[in-house]
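Required output: the full structure, derived from the provided sequences and hints.
Protein sequence lines, in the order shown, are assigned to chains H and Z.
The numbering used here numbers the first residue of the first sequence as 1 and each following residue consecutively.
The numbering used here numbers the first residue of the second sequence as 1001 and each following residue consecutively.
Just to be clear, a hint being listed does not mean it is correct.
With a Cα cut of at most 20 Å, we get these calculated EDC-like pairs of lysine to aspartate or glutamate [said to hold, decoys possible]: (1) K1100/Z / E93/H; (2) K1039/Z / E80/H; (3) K66/H / D1027/Z; (4) K66/H / D1088/Z; (5) K1192/Z / E1163/Z; (6) K1246/Z / D1304/Z; (7) K1137/Z / D1107/Z; (8) K1126/Z / D1170/Z; (9) K66/H / D1330/Z; (10) K1059/Z / D1087/Z; (11) K1223/Z / D1027/Z; (12) K1039/Z / D1066/Z; (13) K1297/Z / E1281/Z; (14) K66/H / E77/H; (15) K1039/Z / E77/H; (16) K1091/Z / D1107/Z; (17) K1091/Z / D1170/Z.
Bear in mind the hints are in silico, worked out from the structure with no lab data behind them.
Small disclaimer: the values here were computed from a predicted structure and weren't measured.
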Amino acid sequence: MIKSKLATKMMVGGTFLAVAAIPAMAVAQDAAVKVAVAPNVAIAKAVAAAVTMSIAAMSAGYAQSKIGAAAAGTLAERPEAGTNLIVITALTEIIVLMGFVIAFMINA
Amino acid sequence: MKAAKDAPQKLAKAGKLPRDRRPRTRDYGYGNARTRGMKSNLLGAAFFEELMSASDLSKMIHLLLDTQYGPDLEARLIQGHTPAVVDDALKDNMVRTFAKIMGFVSDEARLLSITLLGRWDLFNIKTIIRGKHMKLKTETIVDSLLPVGEMTQVELKELAGLEDVLAVTDTLWTWGVPYSIPLRESVQEYLKESDLSVLELSLDRYYSQWAAKRLTSRRANYKLARMILGLQVDSTNLVTAFRLLKADTTEMDVKRLFLPGGVHVTEELFLGLTSLSDVDEVIDALKGTPYSAQLEKVLVPYLDANSIAVLERALEDYVMRKALGSGFGDPLGFGVMVSYLYAKQNEVTNVRIIVKGNAVGMPADRMRKELIFV
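The following block contains the structure:
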């Protein structure tokens, strides 16, 4: 029962990531045919991408620290909830992935 | 415990937290998640029904061994299979659980919990003083103690073994325990008049002021702790008012009996209540406060039993439900912990009532009336 629930969650997560990645791949293909941009625009884009990625990573880190602490607390008293806790803790990684995709789109 | 030489300096600051003891961590994520996990192990109404229907003590012990009380019960059963042994095991479990919580919560949660649990230190000191006043045996006093506050079992045992009230007061002062301040102030009057209420009243008054001083912050968690403390103070004031119904208060300084810091029962209302002579009048006078409806519900059982304990239990029930309700608010606030501490205390009280009730052959219906189901 728990395994089937986990499999469903992983499938939903995978589908979501695939849908999120499609625009990024499309932009990446477009970028291959584009001509070179002005250096100041390229720098601005790089900075924007870096800021996007950093904020996303820090937000995910903050969220994961809170969720991780709560998960560790729950795990200490109810070890049987371990599988669900790993999924909940890992969910915050999506924030970083979103940041990565957006940074990629900016830089394309 | 604490060095004797710096006791006066520590006591001078009693209530106010020194800079190095102010809470550094305020994170409730880990502590609350763990507390919620522990809350899921609390016993439900179905278990209490099963326990009440148990034919004898050995059946009850068998049922309790399968719960979280199992390890504590196993450790105590070496001493025999009696209700007193089960009672000790339940107390052990409560002490162990509260100590465990204090071990993993953040600084702020620990400060707030210790302030609220301070009433147990107060209870223990009062028990020791009462025992010394009545010249009871040390073992008898120790059996009645419940070291879930800041004072440990070892410290309380040492106090219980002292000669008299004066020795208890002096030892507490030497250890730098803040409760020695009110004791030292009133011990001479006690010795002169041999009136225990003088000491008890000054201890109660000191605790409510000491706790209020520690809870002055405007943060939501402090407000919640202040509210719970205020309800406890109200409850104490109302019980005092009920006790005074049958007493002649004409030559008594009633104002002195009032504890400040309550939520709904002001000094004016308290003085008004003490001038009344009937419970009905008191309940009427309490209209506009939440206690009126609560006390009205138990009016008939009170008149049947003619015991203030019925009213006391009803007030306790109200404070308990408010404390338990605070757990449904902020999931990252102090409410979760308050809710658990009260729920655990209630659970232990319920099991003790059933074990003792069953041992003396109390009918299940009567026991059910005494329990508070949450």
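Here's how the hints hold up against the structure:
| no. | hint | result |
| --- | --- | --- |
| 1 | K1100/Z / E93/H | violated (33 Å) |
| 2 | K1039/Z / E80/H | holds (15 Å) |
| 3 | K66/H / D1027/Z | holds (9 Å) |
| 4 | K66/H / D1088/Z | violated (39 Å) |
| 5 | K1192/Z / E1163/Z | holds (18 Å) |
| 6 | K1246/Z / D1304/Z | holds (17 Å) |
| 7 | K1137/Z / D1107/Z | violated (38 Å) |
| 8 | K1126/Z / D1170/Z | holds (15 Å) |
| 9 | K66/H / D1330/Z | holds (15 Å) |
| 10 | K1059/Z / D1087/Z | holds (15 Å) |
| 11 | K1223/Z / D1027/Z | holds (17 Å) |
| 12 | K1039/Z / D1066/Z | holds (17 Å) |
| 13 | K1297/Z / E1281/Z | holds (15 Å) |
| 14 | K66/H / E77/H | holds (17 Å) |
| 15 | K1039/Z / E77/H | holds (10 Å) |
| 16 | K1091/Z / D1107/Z | violated (25 Å) |
| 17 | K1091/Z / D1170/Z | violated (28 Å) |
Checked against the numbered hints above, the structure breaks hints 1, 4, 7, 16, 17 and satisfies the rest.
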